[in-house]
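**Student:** The primary structure of each chain is shown beneath.
2 protein chains.
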Amino acid sequence: MKIILGIDPGSRITGYGIIRSNGQRHHYIASGSIVATRGKNLPERLAYIFQDITTVIQKYAPTDTAIESVFMAKNAASALTLGQARGAAIAALVNNGLPVAEYATRLVKQTVSGYGAADKAQVQYMVKLLLNIIGSPSVDAADALAVAICHAQSQYTKQLLQPHLALAL
Amino acid sequence: MKIILGIDPGSRITGYGIIRSNGQRHHYIASGSIVATRGKNLPERLAYIFQDITTVIQKYAPTDTAIESVFMAKNAASALTLGQARGAAIAALVNNGLPVAEYATRLVKQTVSGYGAADKAQVQYMVKLLLNIIGSPSVDAADALAVAICHAQSQYTKQLLQPHLALAL
Chain A
4 MKIILGIDPG SRITGYGIIR SNGQRHHYIA SGSIVATRGK NLPERLAYIF
54 QDITTVIQKY APTDTAIESV FMAKNAASAL TLGQARGAAI AALVNNGLPV
104 AEYATRLVKQ TVSGYGAADK AQVQYMVKLL LNIIGSPSVD AADALAVAIC
154 HAQSQYTKQL LQPHLALAL
Chain B
4 MKIILGIDPG SRITGYGIIR SNGQRHHYIA SGSIVATRGK NLPERLAYIF
54 QDITTVIQKY APTDTAIESV FMAKNAASAL TLGQARGAAI AALVNNGLPV
104 AEYATRLVKQ TVSGYGAADK AQVQYMVKLL LNIIGSPSVD AADALAVAIC
154 HAQSQYTKQL LQPHLALAL
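Note that the protein sequences, when read in sequence, are chains A and B. When we follow my numbering, the leftmost residue of the first sequence carries the number 4, and every step to the right adds one. When we follow my numbering, the leftmost residue of the second sequence carries the number 4, and every step to the right adds one.
This is chain A alone, in the form it adopts within the complex:
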């Protein structure tokens, strides 16, 4: 049984979601969002992201973490802001000795909705359905839960393939 922390860093809001999963069945534990803009200056904003994620890790003791990989950004200015938030978030994960898995956005959307180009509302709807969440997680929290589900499924599939690979050798 894994406890997976999914993170969705954004330039303004960083979503996080924690699930417990055996790869086939996923249970919702918690989710939320960190508003980075409440800091006065850049170091303060990044400190909030780093410290809040550290607090989440201490509270829920995840065994795995997962994050969406980013290949494109709208423009250089927003890419820099997003990059800084991602850098601080990933630093919090590795500082706690946690492995970080990266998944392409397409795969995350494909996993939870069957459609690689699903929009945010569709992802939010499917995450709520898959995890039997009462109430609605925010869009950012839903994205974080989606990448956690993606990690759970992906690890399970790998594990299923392992014996066959061993036989083939």
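In case anyone wonders, no lab produced these hints; they're calculated from the structure. Do not take every clue at face value.
Remember, identical chains collapse to one label, so a pair may be satisfied in a single copy or spanning two.
Distance condition first, Cα-Cα at most 25 Å in a straight line; then the derived SDA-like pairs of lysine to any residue [claimed, not checked]:
#1 K77 <-> L45
#2 K5 <-> G26
#3 K123 <-> A80
#4 K5 <-> G117
#5 K77 <-> N44
#6 K43 <-> T57
#7 K161 <-> M75
#8 K62 <-> N99
#9 K5 <-> L45
Every value quoted in this text rests on a predicted model; they were computed, and no experiment measured them.
Position chain B against the provided structure of chain A, taking the given hints into account.
**Tutor:** For chain B alone, kept in the frame of chain A given last:
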């Protein structure tokens, strides 16, 4: 007497430099560079930056830290990479409870060379001269030492102005 750690995060190499200063006289302590690209994947590369800066902090116990502010980047892809490195570096500073001061590139160049648009070679030359460094710090380390000097001077100027401001009130 302050011990100032200057950081120059880059997408490939993060320079660092430590000086001891009373605001007027600056003494070179150490400098070096962290090659982020030696990590296999993004979390590993950011972990190197975070951990190496943490090690530098533990070794030299700085009282202040300074970093150049970035407003522009060549393109979205390089801005994202640079942002992630900056985010991990700043996270290491704030995680150690250190204040982080940001200075515009123009001011840093102006401070060490008298010319706000000085090139990297000129900054490197002047840093070597100002700190009486035997041998040459790398370009990245020189940039990091330059922002540390900028912080030292800027804090000293503020302190000098303080009594006048108090009298004026």
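**Student:** Take the hints in turn and mark each one as holding or not.
**Tutor:** A quick look at each hint next to the structure:
Proximity of K77 to L45 under the C-alpha cut-off of 25 Å is found in both arrangements, the shortest distances being 20 Å within a copy and 20 Å between copies. Taking the shortest alpha-carbon separations for K5 and G26, only the intra-copy value of 8 Å comes in at or below 25 Å, while the best inter-copy value is 53 Å. With identical chains, the CA atoms of K123 and A80 are at most 25 Å apart both within one copy (23 Å) and between copies (23 Å). Proximity of K5 to G117 under the C-alpha cut-off of 25 Å is restricted to the intra-copy arrangement: shortest distance 23 Å within a copy versus 58 Å between copies.
In this assembly of identical chains, K77 and N44 lie within 25 Å of each other by CA distance both inside one copy and across copies; the values are 23 Å within and 23 Å between. In the homo-oligomer, the alpha carbons of K43 and T57 lie at most 25 Å apart both inside one protomer (20 Å) and across protomers (24 Å), since each shortest distance falls under that limit. In this assembly of identical chains, the alpha carbons of K161 and M75 never lie at most 25 Å apart, being 28 Å within a copy and 42 Å across copies at closest. Taking the closest pair of Cα atoms, K62 and N99 come within 25 Å of each other both inside a single copy (12 Å) and across two copies (21 Å).
For a Cα distance limit of 25 Å, the shortest separation of K5 from L45 across copies, 23 Å, qualifies, whereas the shortest one inside one copy, 34 Å, does not.
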